[in-house]
Amino acid sequence: MTVYIIRRLMQSAVVVFLMSVIVFFGLHVVGDPVYMFASPDAPQEEIEKVIRQFGLDRPVYEQYWLFLKGALSGDLGRSYVFGEPALKLITQRMPATLELAFVALFLAVVLGIPLGLYAGLKPHSSVSRTIMAGSILGFSLPTFWVGIMLIMVFAVMLGWLPSTGRGDTVTILGIEVSFLTLDGLSHIFLPAFNLALLKISLVIRLTRAGTREAIHQDYIKFARAKGLSTSRIVGLHLLKNILIPVVTVLGLEFGSLIAFSVVTETIFAWPGMGKLLIEAIQTLDRPIIVAYLMMIVVVFIVINLVVDILYSVLDPRVRLRDQTV
Amino acid sequence: MKSLKIALTTGVALAALTSFAAAQELTIGLSSEVTSMDPHFHNLTPNNQVADHVFDSLIGQDEKQRLVPGLAVEWGPIDDLTWEIKLREGVTFHDGSTFNADDVICSFERAPNVPNSPSGYGTYLAGKTFEKIDDFTIHAKTPEPYPLMANDLSTVSIISDETGCGATTEDFNSGAATHGTGPWKFVEYVPGDRIVLERNDGYFGEKPEFAKVTLKPIKSGPARVAALLAGDVDMINSVPTTDLATLKENSDIEISEGVSNRVIYLHMDQFRDASPFVSGKDGSDIPNPLMNADVRKAISMAINRDAIVERVMEGQAIPAGQLLPDGFFGVSDSLQPEAFDPEKAKDIIAEAGFPEGFKLRIHGPNDRYINDAKIVEAVAQMLTRIGVETDVETMPRSTYFGRASRGAEGDLPEFSFILVGWGAGSGEASSPLRSLIHTFDKDAGFGASNRGRHSDAEIDGIIEEALRTVDDEKRAALLAQATELAIGRNQAIIPLHYQVNAWAARKGLTYKARTDEYTLAQGVTSSN
Amino acid sequence: MTAISENHPIEATGGERVDTPFRRFAAEFFESKVATGALILLVVIVLAALFAPLLSPQNPYDLAQVSILDSRLPPGEKSMDGYTFLLGTDGAGRDLYSAILHGLRISLSVGVMSGIIALLVGMAVGLAAAYWGGRVETVIMRIVDLQLSFPAVLVALILLTLLGKGIENIILALVVAQWAYYARTVRGSALVERRKEYVEAATCLGLSHNRIVFRHILPNCLAPLIVVVTVQTAHAIALEATLSFLGVGLPQTEPSLGLLISNGFEYMMSGRYWISFFPGIALLLTIVSINLVGDQLRDVLNPRLKR
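Protein chains in written order, with the numbering used here: chain A, 1 to 325; chain B, 1001 to 1528; chain C, 2001 to 2307.
Chain A with its partners taken away, still in its complex shape (with noise of 0.2 angstroms):
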């Protein structure tokens, strides 16, 4: 398994060099960011003193071997609209986005699970037709869609949730969190709920599915046979064995979340990494561009590599092993 292990950290060190490599001589096609900061009535000298200040006078080789010996000792680059290190930039908003994507992950267990359960026992109810209506709704509308609606519902006509912003935060362990005052919990309702419309409808999907195979096997009609009330053999034989997908691909889709909320923070003007990073792209800040997507490479081949980790711990019949047929 420590092979194994080395072996993948091997293979993720090479696409995330891979990765860099193509971003960096990528971006750097793209625009001029000179002109995004000078002020227009700025003097040649002027504007060339903020290109030799930001090394876009060096070829672009030589920025990206500057770039990779920055790397290697932990230096991403410095923003060129901030002026700060991009790293710094990224992991100060990334609690922002992270409380949004646990909260969206919250919403989605809460939610899909008891609905897809009823959806599962009751297949052809006339609300559990609703829910799975509902659950395609769920996958077919963009979220950006809906989150304008939401906007418009919530924020507007109603008036009962704020549209924008992060509201009031406490600090826990030098992290501050939002969902622990109710001026916060009120400001991260809708994006969190924006953001896990679509796995709420994962996971009632699953959850539907597993309880519709679920119910015919054997262990289930035995507990039927042996007297155990409806709610007992849902609440601890049913449930437990559904749980288990359910919760793997919830962990996977983890990182799907992060990316989505790229598109939830613009809407919501919610301060997390996803909004720093569209407006890097905007604004073509290139080191936030590089550093956010080696960030984001980092994490979810860690992702990935604990959920295989634990797959294996949590079942021995998988064997962690490249695979050679």
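It should be emphasised that the hints constitute simulated quantities derived from the structure, not laboratory data.
Do not rely on the hints blindly, as some may be mistaken.
What the hints assert, rightly or not - Computed cross-link-like contacts, DSS-like style, restricted to lysine-lysine with a CA-CA straight-line distance of at most 30 angstroms: (1) B:K1344 x C:K2078; (2) B:K1512 x B:K1248; (3) A:K88 x B:K1212; (4) B:K1281 x B:K1359; (5) B:K1219 x A:K88; (6) A:K226 x A:K240; (7) B:K1442 x A:K49; (8) A:K122 x C:K2033; (9) A:K49 x B:K1132; (10) B:K1141 x A:K49; (11) C:K2078 x B:K1248; (12) C:K2078 x B:K1346.
Since chain A is already given, all that's left is putting chains B and C on it; use the hints.
For chains B and C alone, kept in the frame of chain A given last:
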């Protein structure tokens, strides 16, 4: 849609109730995000407007960009090459230190030399030497007579020589060095989310009405309006033109609007005999028709400015005939917006040797000016109707400006026909004249944004003379003359309109509209 | 309808029933009223997109036909030339009804084009992996896994940042974001088929690789592929809309549905609901109908869920 409107109104009523409870606090939704709290880091409107809360400059600009005393009480030339500036006494910084000439000198030393600054203040300080005469007197010397000294000095924030001058940009972001003399004290800066400031009760000028202000960046227009209607914020800036009519009808919302210093105009390729995005109707190469001033005039005539103002800008603009709206220093009294006359435009183009018309591509940004992409499309429609078949390409400003300025070989402008805007930061006509109209001269800093490369030695001479003329009246006349020749005779650029900026606030608050588009919390007053 | 006839082979090989497999398949499909309705709707939408130039009264991309003076008119208003705008006009004065039909055309063609190319790429890669196995398979599947661990939206967003706007670029970005799904599906079902006796038999008969792969293995992988194709096409359309909304998708002058919605977003607060509402409905109907059809296909083609 009636139900929507009712819903909107109830939402606002609810919101109004909740926000009155906290009348001492003000929350403003801003369309732009500050990139740093360091007032010398980035010379950019969003940053300057936030800096103006915490810091003062020697000379201030009022809402019409007229110069008013700031940390300086008097200023003026004492000879051709020297300006004397008398400083205000008895002012303290937020860190408790006393303001004097040392703070000014060290601020001017730091401002052009901030590490990693993407766009600094060197432009305003280059070529000037500052000398401390006594604690409250400073002399500024230039190698040549320089009339714009006071305008330049109004742009640079003064920081404290004790806590500010040796500080890094990070120190300003964390608040450790963010001590100015301004009407607000720094409380908190959460990048991307909010800036919190509290009233400086020791401010030397008029103290702000509110005890605390929160500035929140909300970039998307509809989201900003939604936040106002939902009561999340008390006031917003740059109200989207499309929402203005609805908000004006809303009795719970107050609007203030005013013309800005920004003109939206078209640049035309006047330096290539064959222009890359111009061709004959059949796609063949043709001599560049935009070289001909008559053709440029015809294009100007073909544009229905009133239609753009009415339909695209929804009334939030004024048709333009020159570089700055009436009332600004150095504008011409005689220039009027070109009258819409498509028939005559067609005839002129035929007479100029293009009876069939020609093909043209217009380029423009889609995220820079109010409704920019739509204006581009409207212009293309209008030109197509007089036989100048025009297609449209818009792009984000991150790619647009670089290509427009030096996208072609030899760092030349890439496009043939573009839409751009110009805001005169100095609030007078020399700013657009030297950057847009003067012949491109890299070394002298002239024509930096002259993307059509218009060039006329006579006009250049007048502009340069104006820039040496300290006498206000004479300078104004020279600037007006240069504008008349450039626009009226040469059609160097085609002005379309001046933007009108609008702010919206909940009922009971008023804001004095500013021509420089700044949103300043100290300018917000409650009317009850 | 092509999807159904292409399906023929699987049923033929596994068919034990008396009635023809196609009829059985169709009967099962049309058992669900919802799915039937969705299929009809989808056919109507596709036809409308195909014949958009004939159905729309205005060519929304011809600037000579569009006038700014007609901009932002509510549904039912008349243009300067006396034509009635059924669904109103957008901010540039385009007839929304025409713009939606043309936008549908762009959205669908982006979705379908990227789907087809991704399908071909994924199929080739997946088949290669399954058929050759060994190192080829290890390397290919490692790449596929890696690609799948990155959310499509992020991959496409980054690619478009590098490539810039444009219809070819967005198709390319969608292909890159999606090919791995097809590759995984094809390989999965091809592996199952490869171990079956008929392939062994074919190999023993000395049939060529190509013949075995394309005449025997591939047709038997079609069932799960069809489901993936429908789901991914819907996904591609939604993704394109999202990317256009984020400002990296299609150019503004020839708007897809996503861009129409995005353009209309700024009018939402001012009560001009029609500018983004109608394109939104068109997008919704398209995606929902594809998904419903895909759902029913999954149920019908997946023996595990048979009642």
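Structure-based check of each hint:
Our distance criterion of 30 angstroms between C-alpha atoms is met by K1344 (chain B) and K2078 (chain C), whose separation comes to about 29 angstroms. In summary, the hint linking K1512 (chain B) to K1248 (chain B) is supported, as the alpha carbons are separated by about 16 angstroms, within the 30 angstroms threshold. A hinted pair counts as satisfied when its Cα atoms are at most 30 angstroms apart, and K88 (chain A) with K1212 (chain B) qualifies at roughly 29 angstroms. Between K1281 (chain B) and K1359 (chain B), the direct Cα distance comes to roughly 5 angstroms. Compliance with the 30 angstroms bound is thereby established for this hinted pair.
For the given pair, K1219 (chain B) sits about 23 angstroms from K88 (chain A) by alpha-carbon distance, which is consistent with the 30 angstroms threshold. With a C-alpha separation of about 18 angstroms, the suggested pair K226 (chain A) and K240 (chain A) falls inside the 30 angstroms cut-off, and the hint holds. For the given pair, K1442 (chain B) sits about 14 angstroms from K49 (chain A) by alpha-carbon distance, which is consistent with the 30 angstroms threshold. Proposed proximity of K122 (chain A) and K2033 (chain C) is supported: the alpha carbons are some 19 angstroms apart, at most 30 angstroms.
The straight-line distance between the Cα atoms of K49 (chain A) and K1132 (chain B) is roughly 28 angstroms, inside the 30 angstroms bound, and the hint therefore holds. Pair hint K1141 (chain B) plus K49 (chain A) holds up; C-alpha atoms about 24 angstroms apart against a cutoff of 30 angstroms. With a C-alpha separation of about 26 angstroms, the suggested pair K2078 (chain C) and K1248 (chain B) falls inside the 30 angstroms cut-off, and the hint holds. With a C-alpha separation of about 28 angstroms, the suggested pair K2078 (chain C) and K1346 (chain B) falls inside the 30 angstroms cut-off, and the hint holds.
The structure is consistent with each of the numbered hints, conforming to all of them.
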